[in-house]
Amino acid sequence: MSRIEALDTVSGQLAALAAGSVVAITLAERSLERAAAHAALNALITTTADAGLATAARLPASGGPLAGVPFAHKDLFCTRGVRTTCGSRMLADFIAPYDATVAERLNAAGAVCIGKANMDEFAMGSSNENSFFGPVRNPWDRQRVPGGSSGGSAALVAAGVVPFATGSDTGGSVRQPAALCGVVGFKPTYGRVSRYGMVAYASSLDQAGVLAHTAEDCARVLAAIAGADPRDATCSTRPVDDYVGVLGSGVRGLRIGVVAEYFGAGVDPAVAQTVRGALQVLEREGAVLVDVRLPSLPLSIPAYYVLAPAEASSNLARYDGVRFGHRCDAPTDLADLYGRSRAEGFGTEVKRRILAGTYVLSAGYYDAYYRRAQRVRRLIANDYLRAFTEVDLLAGPTAPGVAFALGEKTADPLAMYAADVNTVAVNLAGLPAISVPAGFVAGLPVGLQLVGPAFGEARLLAAAHALQLASDWHLQAPGAAA
Amino acid sequence: MALDSATLVHLARLARLSLGESERGLLGTDLDRTLAMIDQLQQIDVNGLEPLAQPQASDTENRGDSVTEDDHSAQFLGLSPAAEGGYFLVPKVIE
Chain A
1 MSRIEALDTV
11 SGQLAALAAG
21 SVVAITLAER
31 SLERAAAHAA
41 LNALITTTAD
51 AGLATAARLP
61 ASGGPLAGVP
71 FAHKDLFCTR
81 GVRTTCGSRM
91 LADFIAPYDA
101 TVAERLNAAG
111 AVCIGKANMD
121 EFAMGSSNEN
131 SFFGPVRNPW
141 DRQRVPGGSS
151 GGSAALVAAG
161 VVPFATGSDT
171 GGSVRQPAAL
181 CGVVGFKPTY
191 GRVSRYGMVA
201 YASSLDQAGV
211 LAHTAEDCAR
221 VLAAIAGADP
231 RDATCSTRPV
241 DDYVGVLGSG
251 VRGLRIGVVA
261 EYFGAGVDPA
271 VAQTVRGALQ
281 VLEREGAVLV
291 DVRLPSLPLS
301 IPAYYVLAPA
311 EASSNLARYD
321 GVRFGHRCDA
331 PTDLADLYGR
341 SRAEGFGTEV
351 KRRILAGTYV
361 LSAGYYDAYY
371 RRAQRVRRLI
381 ANDYLRAFTE
391 VDLLAGPTAP
401 GVAFALGEKT
411 ADPLAMYAAD
421 VNTVAVNLAG
431 LPAISVPAGF
441 VAGLPVGLQL
451 VGPAFGEARL
461 LAAAHALQLA
471 SDWHLQAPGA
481 AA
Chain B
1 MALDSATLVH
11 LARLARLSLG
21 ESERGLLGTD
31 LDRTLAMIDQ
41 LQQIDVNGLE
51 PLAQPQASDT
61 ENRGDSVTED
71 DHSAQFLGLS
81 PAAEGGYFLV
91 PKVIE
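So the protein lines, in turn, are chains A and B.
Residue numbers for the first sequence follow the working numbering, so the first one is 1 and each next one is one higher.
Residue numbers for the second sequence follow the working numbering, so the first one is 1 and each next one is one higher.
Read the hints as simulated data drawn from the structure, not as lab findings.
Hints are supplied without guarantee of correctness; some may be wrong.
Which stretches of chain B does chain A cover? Using the computed rule of at least three CB atoms under 8 Å from a CB of chain A, they are [said to hold, decoys possible]:
no., region
1, 32-42
2, 47-56
Here are some chain B residues pointing at chain A (derived, C-beta under 10 Å) [stated by the list, open to error]:
no., residue
3, Leu3
4, Thr7
5, Thr60
6, Leu77
7, Leu79
By construction, the Cβ of each residue, glycine as well, lies at the ideal position given by its N, Cα and C atoms.
Just need the whole structure built from these sequences, with the hints factored in.
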């Protein structure tokens, strides 16, 4: 293992830019050179070298809080004039005519986009093997998956290509790849960051997030993208906390609930032990560890696999071969145009979820499945509410195991679904959560997930920052040979 | 529960997915297993629980009911695989 350099982080780059030891264009060139050197990871679908270099060249010295910092967007954030594929054949040639709010705000903050990151098609997947553009490889071991669905974003940060990347998290899609790639993944409270221009998968669960090496970097990026947006009616109007300002508040006296169910069946004992080791670091820093139960947690997977496919089948109805996206050749009639355009444009996992969603929403089944799942969702959210009357944060492993081999789980989609239980529940409850590097098992990274109460972003980031000040797992980098 | 082939054909039609027989078989098997998994929810007592549709419904507001966008129709038509004279083109619908 080698170690990351100061210039691999947002904070390190900003300090160097402020000191005048580098200029923005040098950082953009560095990222593009590294992107080329790591092309075998297949982490970028589109590289925006010319636009990135041009942006970096014309940035004023005081161009915003992230001025001159290169990054990549998960390829579901619409970027005006640059194609947004969602990892799908359906949108392989789609060039959005507008910017997502997240893109607009990062542009305004002076960050420099160098490309669009590979992802599971329409954000459906936990291994990044569902992309039309091919799987992404894990920088720690190229025969293994990076996690998903923001697998390209996680791999790019882990490989040192960019100091941060955007992601989206519907059931763990920021946190799980962050854990498997040894970086930090932050999912804010539902409604903290605008979803405008972020291609929809399951609208009541989707939330934009950030991947970076440190909680401090996540705080800086979150500060730039969080806050009300009149173009997203589900975006909260609550004032945005000073995430960077409170980073140093530490964990003394903080009550952290260690959730028994997070360490349940299916969690690799070595991963569990590693995560408990990281929690002991927080305890040494003054946190109080408390045993907590979330009895409804195991219901998260069945509830999620009713609600998310239902919302997906509705959201993805817009891809019809008429207004934008893939259209089949020589349709014989309108039904043929719809049916073949969609069958050709969508991959297997997307079809699986559309069919499941169509089933649970179809006449006669709505109450038995969809309505019931929404009630179970309330049960799960109530578990979290109750837990947060006793503790300040909740903790457990982000994922049950380390990165698995490419192809190892593709034959059994249900096994892949089941592995997301710890992350999915958080989306059902709409809460903020972070995955922080917590150590290694057999040379592969392990993530600690911390979950906060709604709009508890500042507390979460401060706790993760305290862990990173007292540990160096996040400073380890994949070896050059990987 | 095992989905019969007629149900699968009906679902695929509702979802506007033209699936070949082998793909339908594969997806049908996966759907069967998914439905068996989500059937766990039938055992749960949900009496008295309000359905939760959206997790953070407070502190949001709707924008005013006023036009904020210019006419982008030409730009949007330009995204279409087939458009002409200000219209999206589809195969003939009415004989």
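### Query
Would the hint on Thr7 of chain B stand, with a C-beta cut-off of 10 Å toward chain A?
8 Å, holds
### Query
Holds or violated: Thr60 of chain B as interface residue toward chain A, Cβ cutoff 10 Å?
Status holds, d = 6 Å.
### Verdict on chain A covering the region 32-42 of chain B, where coverage means 3 or more residues with a C-beta closer than 8 Å
Since 9 is at least three, the answer is holds.
#### Entry: Proposed interface contact between Leu3 of chain B and chain A, which counts if any beta carbon pair is under 10 Å
8 Å, holds
### Query
Count the residues of the region 47-56 of chain B with a beta-carbon closer than 8 Å to any beta-carbon of chain A: does the count reach three?
It holds: at least three residues are needed, and the region 47-56 of chain B offers 8 whose Cβ sits within less than 8 Å of chain A.
### Message
Leu77 of chain B was flagged as interface toward chain A. Is the shortest Cβ-Cβ separation under 10 Å?
### Response
Holds, about 9 Å.
### Query
Measuring from the C-beta of Leu79 of chain B to each C-beta in chain A, is the shortest one below 10 Å?
4 Å, holds
Against the hints set out earlier in the document, no violation occurs for any number.
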